[in-house]
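Engineer: The residues making up each chain are set out below.
2 protein chains.
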Amino acid sequence: MDKVIKIAVDAMGGDGSPKKIIDGIAHHYQKNKNSFYLIFGNKEKIENLIPKNLNNDSYKIIHTNEIVEGTDTPLGAAKRGKNTSMWLSINSVKNKEADIVISAGNTGALLVIAKLNLKMIDNIDKPALSALWPNKIGMSVVLDLGANVECNDKNLIDFAFMGSALFNSLYPKEKSKVALLNIGSEEIKGNEMIKSTYQKLNQIENSDYEFKGYIEGNELMNGDVNVIVADGFTGNVALKTAEGTANFITSELKKTMSGSIMGKISSLLNIKNLKKFKKRLDPRLYNGAIFIGLDSPVIKSHGGTDYIGFSNSLNVCTKIIEGNLVEKIKKNIS
Amino acid sequence: MDKVIKIAVDAMGGDGSPKKIIDGIAHHYQKNKNSFYLIFGNKEKIENLIPKNLNNDSYKIIHTNEIVEGTDTPLGAAKRGKNTSMWLSINSVKNKEADIVISAGNTGALLVIAKLNLKMIDNIDKPALSALWPNKIGMSVVLDLGANVECNDKNLIDFAFMGSALFNSLYPKEKSKVALLNIGSEEIKGNEMIKSTYQKLNQIENSDYEFKGYIEGNELMNGDVNVIVADGFTGNVALKTAEGTANFITSELKKTMSGSIMGKISSLLNIKNLKKFKKRLDPRLYNGAIFIGLDSPVIKSHGGTDYIGFSNSLNVCTKIIEGNLVEKIKKNIS
Numbered sequence: 003m004d005k006v007i008k009i010a011v012d013a014m015g016g017d018g019s020p021k022k023i024i025d026g027i028a029h030h031y032q033k034n035k036n037s038f039y040l041i042f043g044n045k046e047k048i049e050n051l052i053p054k055n056l057n058n059d060s061y062k063i064i065h066t067n068e069i070v071e072g073t074d075t076p077l078g079a080a081k082r083g084k085n086t087s088m089w090l091s092i093n094s095v096k097n098k099e100a101d102i103v104i105s106a107g108n109t110g111a112l113l114v115i116a117k118l119n120l121k122m123i124d125n126i127d128k129p130a131l132s133a134l135w136p137n138k139i140g141m142s143v144v145l146d147l148g149a150n151v152e153c154n155d156k157n158l159i160d161f162a163f164m165g166s167a168l169f170n171s172l173y174p175k176e177k178s179k180v181a182l183l184n185i186g187s188e189e190i191k192g193n194e195m196i197k198s199t200y201q202k203l204n205q206i207e208n209s210d211y212e213f214k215g216y217i218e219g220n221e222l223m224n225g226d227v228n229v230i231v232a233d234g235f236t237g238n239v240a241l242k243t244a245e246g247t248a249n250f251i252t253s254e255l256k257k258t259m260s261g262s263i264m265g266k267i268s269s270l271l272n273i274k275n276l277k278k279f280k281k282r283l284d285p286r287l288y289n290g291a292i293f294i295g296l297d298s299p300v301i302k303s304h305g306g307t308d309y310i311g312f313s314n315s316l317n318v319c320t321k322i323i324e325g326n327l328v329e330k331i332k333k334n335i336s
Numbered sequence: 003m004d005k006v007i008k009i010a011v012d013a014m015g016g017d018g019s020p021k022k023i024i025d026g027i028a029h030h031y032q033k034n035k036n037s038f039y040l041i042f043g044n045k046e047k048i049e050n051l052i053p054k055n056l057n058n059d060s061y062k063i064i065h066t067n068e069i070v071e072g073t074d075t076p077l078g079a080a081k082r083g084k085n086t087s088m089w090l091s092i093n094s095v096k097n098k099e100a101d102i103v104i105s106a107g108n109t110g111a112l113l114v115i116a117k118l119n120l121k122m123i124d125n126i127d128k129p130a131l132s133a134l135w136p137n138k139i140g141m142s143v144v145l146d147l148g149a150n151v152e153c154n155d156k157n158l159i160d161f162a163f164m165g166s167a168l169f170n171s172l173y174p175k176e177k178s179k180v181a182l183l184n185i186g187s188e189e190i191k192g193n194e195m196i197k198s199t200y201q202k203l204n205q206i207e208n209s210d211y212e213f214k215g216y217i218e219g220n221e222l223m224n225g226d227v228n229v230i231v232a233d234g235f236t237g238n239v240a241l242k243t244a245e246g247t248a249n250f251i252t253s254e255l256k257k258t259m260s261g262s263i264m265g266k267i268s269s270l271l272n273i274k275n276l277k278k279f280k281k282r283l284d285p286r287l288y289n290g291a292i293f294i295g296l297d298s299p300v301i302k303s304h305g306g307t308d309y310i311g312f313s314n315s316l317n318v319c320t321k322i323i324e325g326n327l328v329e330k331i332k333k334n335i336s
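Which chain is which? The protein sequence lines are R and G, in order. Its first residue numbered 3, the first sequence is counted upward by one per residue in our numbering. Its first residue numbered 3, the second sequence is counted upward by one per residue in our numbering.
Everything labelled a hint here was simulated from the structure, so no lab data went into it. Since we're looking at a predicted model, the values are computed, not measured. Careful: at least some of the hints might be erroneous.
Because identical chains cannot be distinguished in the list, a pair is counted as satisfied if it fits within a single copy or across any two copies.
Mimicking DSBU-like on lysine-lysine, the simulated pairs with C-alpha atoms at most 30 Å apart in a straight line are [said to hold, decoys possible]:
1. K21 / K175
2. K177 / K257
3. K5 / K96
4. K81 / K179
5. K128 / K191
6. K8 / K191
7. K191 / K84
8. K256 / K117
9. K256 / K179
10. K138 / K330
11. K84 / K156
Turn these sequences into a full structure, and let the hints guide you.
Structural biologist: Here it is in structure tokens:
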């Protein structure tokens with residue numbers, strides 16, 4: 003039988019919790035019978051939500067009434083102490099009771115509490131927040147998405163190593179291709195920090211990825227590269243702009259499609275294709291930011307996602323542990 | 003009769019020039035009879051392209067055989083000297099023979115030759131490259147889009163003044179609402195430079211715009227603000243990411259729509275609506291970056307646009323002169 007993967011789950015974060023968390027676990031479990039879930043939160047509420055098809059020996063509930071609120075500042079959340087469901091779930095990976103931890107709660111709080119409790123991987127200066135983006139061929143890993151507003155070239159090089167290790171864990175059959183997000187593809191473009199990063203990455207030999215130089219914003223989704231590296235400010239702006247543009251276009255499309263009777267009829271005829279389109283762009287597929295650089299990865303599910311989205315984030319947990327992400331990062335960095 | 007607006011046109015830049023330039027002029031002239039075009043380029047070629055409906059007294063051709071190539075570096079282009087169509091057209095606004103200058107040629111070259119020839123507006127430290135973006139309600143001005151990779155708070159404040167003046171020139175009936183592009187809406191988010199800019203903009207009273215604080219990438223197209231300020235690195239990444247996302251989504255949509263016979267049939271039925279959708283997102287509508295901060299504005303049309311797109315950029319020229327953009331900037335800055 004496969005090795006058991008122990009996932010610490012903060013059951014109390016995000017909208018519609020703990021129900022969507024438990025439904026997500028049940029959904030994930032159907033295809034991942036080698037999972038064991040340590041579920042942190044209100045025991046009574048959680049017990050009532052557990053469905054029949056979730057085996058008794060596949061989970062354990064660790065009770066707490068204390069939770070981090072979505073409105074807490076990161077430090078405010080940390081000050082709530084060691085009995086919140088978020089803190090306890092992170093603490094369980096620190097104590098090696100779990101392999102990986104996931105929460106749909108307050109992002110800032112999760113990053114701060116994780117940094118307070120977990121050690122950095124040796125020789126990594128700053129952990130980074132990464133996520134998956136669709137491209138014309140498949141998926142890309144993008145980092146940093148806002149954990150580090152100011153970065154230096156060493157940080158960006160670490161992000162390249164970590165992003166490449168993450169891509170290789172998630173897609174073991176593909177080769178990772180790393181690029182730096184910049185404002186031009188010529189070597190002379192960009193700020194000093196990015197140019198120095200380019201020079202250094204270009205000199206590294208025998209890496210487990212291919213270094214493809216610079217990439218511009220308009221090429222992010224072409225699929226020519228699959229690991230995109232930026233400082234946290236730039237990466238966050240790029241991710242959110244892509245999100246805003248996608249929303250704008252689909253809302254304009256919806257307006258057009260329902261603007262006339264003929265539009266409505268033909269949209270109905272086309273419903274299967276439109277569904278396929280929607281599925282391709284379903285944000286639940288890309289749900290789950292991954293906080294890497296600590297000696298145990300921390301997964302952040304989007305607070306507003308539903309149980310399918312949460313289940314997809316649990317899938318990311320499984321792949322990361324099966325892919326030995328932390329070992330891969332250590333190997334890249336040494 | 004309306005005041006005559008004199009537009010210096012570099013006829014030799016961009017794909018398909020000079021034909022698309024002359025066709026664009028003819029198209030623009032139909033609705034802007036108060037225009038006079040100083041056309042710089044190969045006289046013989048241009049004369050053969052002039053259509054009958056362009057009055058003889060509405061233009062003058064200034065002959066030169068020298069042109070800036072799309073592959074020239076900015077400095078290489080400047081070294082070609084003072085007889086290129088680009089240099090001559092910029093020189094004509096310097097000499098007050100024209101009110102404004104437009105080129106579809108090499109962007110870097112245009113910025114450098116403009117900076118070499120035109121004076122800065124007093125108290126503006128750096129000129130900025132701005133453009134128009136669609137939003138759910140109308141249009142926004144976004145700047146800087148890459149002219150200044152590194153900026154300080156004074157630069158961003160100048161961009162706010164200039165962007166607001168540009169918006170008011172283009173849309174005189176609307177009130178400009180300025181926001182800073184950042185990675186969160188709370189005051190504490192972002193880097194030191196952006197926080198300091200926020201504080202200073204927040205203290206300015208009696209401005210001709212409303213200061214709306216920070217905006218995140220995903221809100222850029224909501225229409226809540228219409229002047230978006232960023233350093234050139236961030237602005238460029240945001241603009242290009244939006245472009246790449248739009249391309250990705252429309253190509254995925256096209257794939258879906260033509261993926262089956264039923265898809266094809268219903269797309270045919272829906273063709274009118276899809277055309278309306280396409281029109282709403284037509285990049286030609288937003289064609290034309292505007293280089294502001296110099297004592298005469300410089301308009302850059304996209305090199306790949308067609309004559310309709312070029313004509314729209316000529317429209318921007320007309321509105322900028324009728325709206326007294328440079329006077330408005332001077333008033334804001336003083």
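Engineer: Now tell me, hint by hint, if it's right for this structure.
Structural biologist: Taking the hints in turn, this is what the structure says about them:
no.: 1; hint: K21 / K175; verdict: neither (35 Å within a copy, 50 Å between copies)
no.: 2; hint: K177 / K257; verdict: between (41 Å within a copy, 26 Å between copies)
no.: 3; hint: K5 / K96; verdict: within (20 Å within a copy, 75 Å between copies)
no.: 4; hint: K81 / K179; verdict: neither (41 Å within a copy, 38 Å between copies)
no.: 5; hint: K128 / K191; verdict: both (25 Å within a copy, 18 Å between copies)
no.: 6; hint: K8 / K191; verdict: neither (46 Å within a copy, 35 Å between copies)
no.: 7; hint: K191 / K84; verdict: between (47 Å within a copy, 26 Å between copies)
no.: 8; hint: K256 / K117; verdict: neither (43 Å within a copy, 45 Å between copies)
no.: 9; hint: K256 / K179; verdict: between (36 Å within a copy, 27 Å between copies)
no.: 10; hint: K138 / K330; verdict: within (27 Å within a copy, 45 Å between copies)
no.: 11; hint: K84 / K156; verdict: neither (33 Å within a copy, 44 Å between copies)
Hints 1, 4, 6, 8, 11 from the list above are not met by this structure, while the remaining hints are.
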